[in-house]
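Chemist: Chain by chain, the residues run as shown.
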Amino acid sequence: MRILKGEKEIIGIFPLEIGNLLKDRFLKEQIYEIRIKIQKPILIYSKHGESIINYIPSKEELKSMIQKISNYSLYAYEEDIRQGFITIKGGHRIGIAGECVMEKGEVKTIRNISSVNIRISREIIGCSDEIIRFIASENRIYNTIIISPPKCGKTTILRDIARNISNGIPSLGVKGRKVAVIDERSEIGACHLGIPQSDLGIRTDVLDNCLKREGLIMAIRSLSPEILICDEIGTKGDIEALMMAFNSGVNIITTIHGFTVEDLYKRKVFCDLLDNQILERAIILSNRHGIGTIENVFSLKGGENICLK
Amino acid sequence: MLKIIFIISIFIISTYIGFAYGETFRRRQEELKEILKGLTILENDIVYGATPLPEAFDKLSDKLCEPSSLFIKAITNRLIKGDVESVYEGAIKEFTLLENKFYLYDEDKKIMADFFKSLGESGVYGQEKIFSLAIEGIKMNLREAGEIAKKNIKLYRYLGICLGAMITIFII
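Chains A and B are the protein sequences, given in the same order. Heads up, the final residue of the first sequence is numbered 309 in our numbering, and it's a clean run with no missing numbers. Heads up, the final residue of the second sequence is numbered 172 in our numbering, and it's a clean run with no missing numbers.
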């Protein structure tokens, strides 16, 4: 039976019976999320919406899944489990829920895992071709922020932007530039044993599993990038590191959760980026006409929002 | 003439059996040494490097001698394929297939079985504990195996020779 690229890794983590049930669906539907709970039916989210599989997973089946998800090595994913997710080969993110063990007010680990939520990562080569002309010009790359609600394809687009900028875009006269990707959750590069499984371009270095703040500073110091790319910024530390990157003459491309450009202004944490006029482009995504719909592209230069699309 | 050949053959066979049986004690001791070496390398990779088991096993199989290397390589393949529910299941399946290549005693096997039951199923701290437990157990068995080997290797070698000589004398 034919299995689509990247979905072989997903099928491999399921117990045999569940795997067989899902195999056909992978071919027929474009599944982007699977939710499995002990003693509850399996939920699948695809481009056709939500569907329910009437199979009730047992505790043992979930335990076996966790073994395979963690590559039979829970100790190697302690930090990930503490954060509530594990990223497997192929860049697919698996959220976990269960009994949290607390220590000094922080989650130490999660035991008795009772549900998993598998988000399937898809690499779509060329999905950023439409917006790249707003981000890149012959002479430079604009500091860009992608604003998007969850599940609208911001990581997929970010990955393709990295590839385009790194390889260069001859049609726009844009030369390839050195790119550093700070991939905190292994979602952008989908690294396995440190090697990106996704095509991020020939001039891209990836700091995999690295905290954004530390990674941004490390990349500036050691990799001499022209462009820094990271996903889902939001903490003061991230912003400080981005400011440092800007002050070092490095351009930045990043994403945040949001719906409109106003969401950027509403959050205090982004004040420094806006006041210092660091951000030059804001791209708004939605899933109105399918995942990755580009709603608007704004030019933010000079404190004004000029709609470019 | 035929009788002489027959007598010499009996003597050689009996001596060989004595040597071969004595060798099993030495083999056990060597296998335990290999296991101890393997546990130390694996502990290093897991506790200090947080290396996932399939990768750690793969590296380990290159550093060990047979039959331990064959056993570890076979588990590695199973873990990479993902066709077992746990490391313990993989270890048991592979050990059953290779059991005749090992000279371990039941108490050695029990230590390793307990070790495989918990391998990979807890955080680094937990793994550290199961490694010390297994290493301690294997060290104790190794000491004991050394003493047994010291006594028995010579004993069975001489016994083989003596038995061969005795049968030869009776036949003559």
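No wet-lab data here; the hints were simulated from the structure. Incorrect hints may appear among the rest.
Negatives, chain B to chain A, calculated, CB over 10 Å [claimed, not checked]:
id, residue
1, 33
2, 53
3, 65
4, 73
5, 79
6, 85
7, 105
8, 114
9, 122
10, 124
11, 139
12, 142
13, 147
14, 170
DSBU-like mimics (lysine-lysine), calculated; alpha carbons at most 30 Å apart, straight line [to be verified]:
id, chain 1, residue 1, chain 2, residue 2
15, B, 59, A, 89
16, A, 8, B, 73
17, A, 151, A, 47
18, B, 101, A, 23
19, B, 101, B, 73
Note that CB positions come from ideal geometry on N, CA and C, so glycine has one too.
Chemist: All hints are to be evaluated individually against the structure, with a verdict given for each.
Modeler: Structure-based check of all given hints:
1. 33: holds (26 Å)
2. 53: violated (5 Å)
3. 65: The claim stands: residue 65 of chain B keeps its Cβ more than 10 Å from every Cβ of chain A (closest is about 24 Å).
4. 73: holds (16 Å)
5. 79: violated (5 Å)
6. 85: violated (4 Å)
7. 105: holds (27 Å)
8. 114: holds (17 Å)
9. 122: At about 6 Å from chain A, residue 122 of chain B fails to clear the 10 Å cut-off, so the statement is violated.
10. 124: With a cut-off of 10 Å, residue 124 of chain B comes too close to chain A, as the shortest Cβ separation is near 5 Å.
11. 139: The claim stands: residue 139 of chain B keeps its Cβ more than 10 Å from every Cβ of chain A (closest is about 23 Å).
12. 142: holds (26 Å)
13. 147: Correct as stated: the minimum Cβ-Cβ distance to chain A is 36 Å, above 10 Å.
14. 170: The assertion about residue 170 of chain B holds, with a minimum of 59 Å to chain A.
15. B/59 x A/89: holds (20 Å)
16. A/8 x B/73: At roughly 23 Å apart (the allowed maximum being 30 Å), residue 73 of chain B and residue 8 of chain A satisfy the hint.
17. A/151 x A/47: With a Cα-Cα distance of about 11 Å, the restraint between residue 151 of chain A and residue 47 of chain A holds, given a limit of 30 Å.
18. B/101 x A/23: violated (40 Å)
19. B/101 x B/73: Holds - the C-alpha atoms of residue 73 of chain B and residue 101 of chain B are around 15 Å apart, at most 30 Å.
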